[in-house]
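Peer 1: Sequence:
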Amino acid sequence: PRSTLFPYTTLFRSRRQEAEALYRRALKIRETKLGPDDPDLAISLINLGTFLDFQGNYAEAVPMIERADKIRRRVFGADHPLTAAAEISLAGVYLSVDRADDAQKLVDHAIGVLRRDLPDDHPKISEALNMLAVVHVTRREYAAAAPVMRETVQRFRRTLGVDHPDTLTAENNLAFVLVRADLASEA
Numbered sequence: 069p070r071s072t073l074f075p076y077t078t079l080f081r082s083r084r085q086e087a088e089a090l091y092r093r094a095l096k097i098r099e100t101k102l103g104p105d106d107p108d109l110a111i112s113l114i115n116l117g118t119f120l121d122f123q124g125n126y127a128e129a130v131p132m133i134e135r136a137d138k139i140r141r142r143v144f145g146a147d148h149p150l151t152a153a154a155e156i157s158l159a160g161v162y163l164s165v166d167r168a169d170d171a172q173k174l175v176d177h178a179i180g181v182l183r184r185d186l187p188d189d190h191p192k193i194s195e196a197l198n199m200l201a202v203v204h205v206t207r208r209e210y211a212a213a214a215p216v217m218r219e220t221v222q223r224f225r226r227t228l229g230v231d232h233p234d235t236l237t238a239e240n241n242l243a244f245v246l247v248r249a250d251l252a253s254e255a
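Using the numbering used here, the first residue of the sequence shown is number 69, and each one after it goes up by one.
Derived by calculation from the structure, the hints in this document are not laboratory data. Please note: incorrect hints may appear among the correct ones.
Pairs of lysine-lysine residues, derived as DSSO-like cross-links and limited to a Cα-Cα distance of at most 27 Å, are as follows [claimed, not checked]:
(1) Lys192 x Lys138
(2) Lys173 x Lys138
(3) Lys173 x Lys192
Between the sequences and the hints, there should be enough to build the whole structure, so can you do that?
Peer 2: Rendered as structure tokens:
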């Protein structure tokens with residue numbers, strides 16, 4: 069019944085409000101203490117921007133993560149793994165606002181940088197590949213998503229183990245992609 073859910077809904081809402089307040093506090097402190105171009109500020113911008121993206125507050129999320137990406141580009145350069153990590157976050161929020169082409173460019177660049185500069189088993193590469201699969205799924209390009217998702221699953225199995233929750237989620241996502249690819253090929 070609805071009445072038994074109310075306390076949980078209220079608690080969840082209050083926890084989101086508390087979380088947002090903490091993210092905003094961290095951002096304000098970092099900006100005040102470190103300055104507007106410090107790379108550690110980018111961390112708070114990405115954290116709050118990602119939170120706002122999940123809350124559906126795209127008007128605030130997009131410029132926040134774009135700012136983080138600009139800071140990292142300025143401090144580290146375009147071809148640095150920390151900039152690539154910001155690109156992955158920015159790609160995620162771009163998908164939320166129907167900017168799949170922009171997201172694809174960011175993810176493609178990030179994957180190239182990460183594969184070049186990080187060890188093959190680094191989790192950031194798996195994260196970037198997963199985002200690429202999400203870009204393809206968003207565009208309903210299931211045949212393109214399938215091999216990327218397969219690689220993501222294999223990487224998760226190797227690095228996290230077969231029973232890890234992220235591995236199981238990736239396997240579930242692969243199953244979804246395979247079903248969609250099969251349905252699309254039959255259409």
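Peer 1: When the structure is checked against the list of hints, which entries are broken? Sort them ascending.
Peer 2: Violated hints: none at all, because every hint is consistent with the structure.
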